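> Residue numbers (the working numbering), protein chains in the order written: chain A, 1 to 402; chain B, 403 to 650.
Bear in mind the hints are in silico, worked out from the structure with no lab data behind them. None of these values were measured; they are calculated from a predicted model. Warning: the hint list may mix true and false statements.
As the list claims (entries may be wrong) - List time: in silico DSS-like cross-link candidates among lysine-lysine, alpha-carbon distance up to 30 Å: (1) Lys491/B - Lys581/B; (2) Lys557/B - Lys574/B; (3) Lys491/B - Lys503/B; (4) Lys179/A - Lys491/B; (5) Lys239/A - Lys179/A; (6) Lys503/B - Lys179/A; (7) Lys179/A - Lys90/A; (8) Lys503/B - Lys187/A; (9) Lys557/B - Lys581/B.
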Amino acid sequence: MKRGWLILFMLGFGLEAQASNSDWQSTWDAVLYAYPERLWRTEESVLNPDNRLARLADTSFTGEARLNLRLANDRYRISARPILSIRHEKESGESEPQGYLSQWQLRTALTPYWAASIGREVMNWGPAQFHSPSSPFYFDNGRSNPLRELSGVDAVKLAWTPDHRHALSIAFVEDSGHKHASPDDWKNTLLLKGDMRGDDWAGGLALAQARGSALFVGIHLQQTLNDACLLYGEISSTKRIDTLLSPRDFSQPFSLLAVSPRRETGLIGATYTLENGHSLTLEYLHDGHGYSRAESRAYFARAASSLAAAGLALAASPLLLNRNYLHMIWQNNLLDGDDYWRLMMSHNMDDGSTEFTAYIEHAVNGRLTLFLLGTLDSGGSRREYGMVIERSLNLGLRLALP
Amino acid sequence: MKRITNPSLLLAILALLSSGPSFAAPDAQAILQRSDHARGGGLPGIVWEIQLTPREGARQMETQHLEVRASVDASIAETLEPARFRGSKILQVGRNMWLTKPGLSKPVPVSPRQRLTGQASNGDIAATNYAADYTATLAGESVVANESCYILDLKARHNRTTYDQIRYWVTKDREVALKAEFYSLSGKLLKTATFEYGLEISYHGRNIPFVSHMLISDALIDADTDMRYSNVRIRVIDPSAFELGQLQ
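Extracted from the complex, chain B is given alone in its bound form (with noise of 0.2 Å):
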């Protein structure tokens, strides 16, 4: 047998050897942006609706229903039920809200901090866009409900993110994120998030499942807002739905 003397020559044989599929480190920020489709993500536009029922302690609030529309950085939350609340709407563009409901004057500007109801805020009944917003590192890997996981760190590229921090649990097979940790600036942990996909969309000519229930959950205090999606439809939305003068 000739052995192999030139060192150059063994080395590319080693990088060759070592760069198969079994051993490619997965694209995290792929991954992530495949993720966004089955929340409404990425897509060029999507109307949905919500019903979201918040907790506190044993107290099981009023369920609000909600149908939401997207596109790629702005939605229109309009609540149908209560009918106390009908009518009632927040406009998000970019990190500008405005808040309108009948009777009032004119929409009244609101900062991202304020709250729809419970612990949803308009950053979680929205389109999810973690790809554009976030950059995915990979941190692991892991089973949730009996399904491997990836486990992304994501970091918030700009200070319009509802969260600056966040980990997320993607699956491998079907792409879809199990589960989420929300975290501050300063790395304490916000809220939690599980998530399953009962429904379907069809996209492109390939079918994606599609987010049916979400629970965010507040680490800090015993409370939660149990979100369940229906009716999903892919539908551009002209950019007049998202003027002011449109709202009331």
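For reference, chain A alone in the conformation it holds in the complex (with noise of 0.2 Å):
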């Protein structure tokens, strides 16, 4: 975060809240983490082969402690979200401790409506669960790793919000916040994003801008048609950068292709709620970015001629493969009881490969947790699902404090 901008805004912020004479309260609260994860690699996987270029540990233990801290008054909030970690190789003997701020926040409220905030903020929106294509910052959508907590962007934000069925907020975000890649595709971007809610249905549009990048549109929709049953939708249209071409005659090589064409991503969603709380999720993404059956083929085909071309495909991939996906969820109440399970199916529509995921918890007592988070890909060596892992398994506690 510039400097200039988070003295201008504690400068602000002190002299503001100096003035202010409502009581202030802090609080806190932590939750650790402790988990070993086990990998089965993908025999011969042509993206990784021999393990050369992912390096991915077979077993590797993760301990976690994420604290909340939050200080505030009527008009004033500083929040923060500290995050040490520490992860264990079994094979390699190697021990990487971390320790970074995933979220904070300073914000303070102008006058009823109208809020301005500093900070690293998780800027992503929309009904979808499988991806997010109307958020700009989050399309992965935490997939990736299901187990670590999104982390913010670093942005200065300016939201008007008239009454609680609209919502418009201006901001500029300075770069993607902690480890963000290089480059970073949204550094310097300008977002401005409005909301609305009717009495049965919800809206948002989202506008974003990086310097000298192409203009992002993202829509989100959702409508609760009865008691019981939500249908939704996400889209979105962007140009992205450094994207790796694949032609279909896999004689050619690969090219990076700097800007991509505009392209559209859309998914549609309904979820229905049983009488006992379970829900049942049915999401459908297309992906313009994505390549076609026989790109994906061709893709395969050339990772496989040479190492060089394997670290290449594997570190410039598109977001997601191809173009058509299911996704599937069944799970119970979040909220409610002691144990809380999600079973999720991904379908990659136009390779043919499935990926199974089964998170359960079980509750120890109000504070103790044991969680158990396994995924199975299907696809083998030359399809999305199952292309570097096989399968994947967490077994750990989560203990909440104080």
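Now that you have both chains on their own, put them together as the hints suggest.
Put into structure tokens, the structure is as follows:
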């Protein structure tokens, strides 16, 4: 975060806060995680031959503390979410400790309708669960590592909320936050976002443009059809940078395109809640940036030709390899009772591969929860779900403090 | 004595005699509106805490402690205890509902059928605005817990309500609801509830009794949810509090 912005904001914030007579209230809580992970790599993986490129640890152990600190009164709020973690890999014997601010925010309510904030904020929205097409910063929606919490983007924001059915905000996103990629797709981005909510529907429009890049347009909409049924959709139109082209003719080499043509990505979904609180969700996603069936076949054939080609294919593959996906979820009530479970299936309709995921939580008591996360990829070495990892299993515990 | 021979005059005198205060039909909608105050409705905004304890058969389940912030047709319920659910929130605006908890990548939309815990739906824990959502008619009178009550039949004005029909017992003196029966559109009894008013709030210079205890019982199975209210404050809540971006 640029120091100038921060100093300016802190100065204004400090002066305003000093003038405020309201009582400050501080709270904190923390959640400790500990989980070993076992990976079964895909045999004869084209993209990671003999594990020489991805260098994945078969067995690892992660310990993590997620703290939540908050100081607030009626007008001001200071919050921080520091994360301390250590990951130990059994085979190499290496340990990687790290500490960072996953999210933080200084926020002031200028009037009952206007608020200004600066910080690292997770700007992810829309009703879709598989991926988030309408969000410029979080298309992946945390799917690449479900046990890791999303970290925010560094931004200064001004928000206008005239009532609880309308909201408009403008933000300057300085960069993609902790461990952002280089080059950073969203460095110096201007974001304009509007939201509306009716009696039984909600929708939003997001416009984002990084300096020197193309405009991102994202729209999300949801409708509560009746007591049990939700219908929703998300769509976006954008150009992506550093796109790996994979011509159908695999005798031609990969090429990197600095900026892709403008493409659309859309998702429609529905959720039905049963009388017992279980819910069933079905989503279909079409990603115009993905490869056609022939292009992805050529992608694997080309990657198999040399280690360098495999490295390029692994590092620069599209966010989703192909174009058409189905995602299904069956879960019980997130907030009711001692146990929570969620079964998911993601199916690539172009290459026929499928990923099955099961997440199960069991509460030992009010603070301690045991959890299990297992994935199974059916595709093998030349299809998306299975191209690097065949199976994985995490078994862990979570302790809430105080 | 002079006889009254004009029939119109006779009718007018009879009408005048029968319109005295002791014969006035009570205004069911006005009674309903006043009874809403004692359950958080019709106020500019309100914050309270609830301890919910569900029971199913002989099994007493874990108590959940929530803080609820509500305005006219929006509410946020945040779980304070148990610690493993801390920070989980349900946001409701009109009929739209979202759920979030720490670790989720973003708030997840949920349907109104999604229960919070036990028998309590989100509509049960939010402020009660029955006067805005239901049309009331007077169905009779009876005595509940030694208090004389009006019996009101409530019919939903729109499809955004938690229940389609409610039979509601409101005391004549205090104008608070002591008992309710909740019905589906087909007339099937779904739940019953009883209320106690051990709290008091001050609004527009008036001291109003406020709900302190609600017991919701399932009409189909042996299960109920005990809800105890505390720390009630009338407070206008900024619209931004109901913004999805502020939930996490």
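> With reference to the structure, classify each hint as holding or not holding.
Comparing the hints with the structure gives:
1. For the hint pairing Lys491/B with Lys581/B, the CA-to-CA distance comes to about 28 Å; that is within 30 Å, so the pair holds.
2. A hinted pair counts as satisfied when its Cα atoms are at most 30 Å apart, and Lys557/B with Lys574/B qualifies at roughly 21 Å.
3. For the proposed pair Lys491/B and Lys503/B, the alpha carbon gap of about 6 Å is at most 30 Å, so the pair holds.
4. Using a Cα cut-off of 30 Å, the hinted pair Lys179/A and Lys491/B holds, with the two alpha carbons roughly 29 Å apart.
5. Under the criterion of a C-alpha separation no larger than 30 Å, the hint pairing Lys239/A with Lys179/A is consistent with the structure, at around 23 Å.
6. With a CA separation close to 24 Å, the supplied pair Lys503/B and Lys179/A stays within the 30 Å bound.
7. Among the hinted pairs, Lys179/A with Lys90/A is consistent with the structure: their alpha-carbon atoms are about 24 Å apart, no more than 30 Å.
8. A hinted pair counts as satisfied when its Cα atoms are at most 30 Å apart, and Lys503/B with Lys187/A qualifies at roughly 29 Å.
9. Taking the CA atoms of Lys557/B and Lys581/B, the gap is about 16 Å. The hint holds against a cut of 30 Å.
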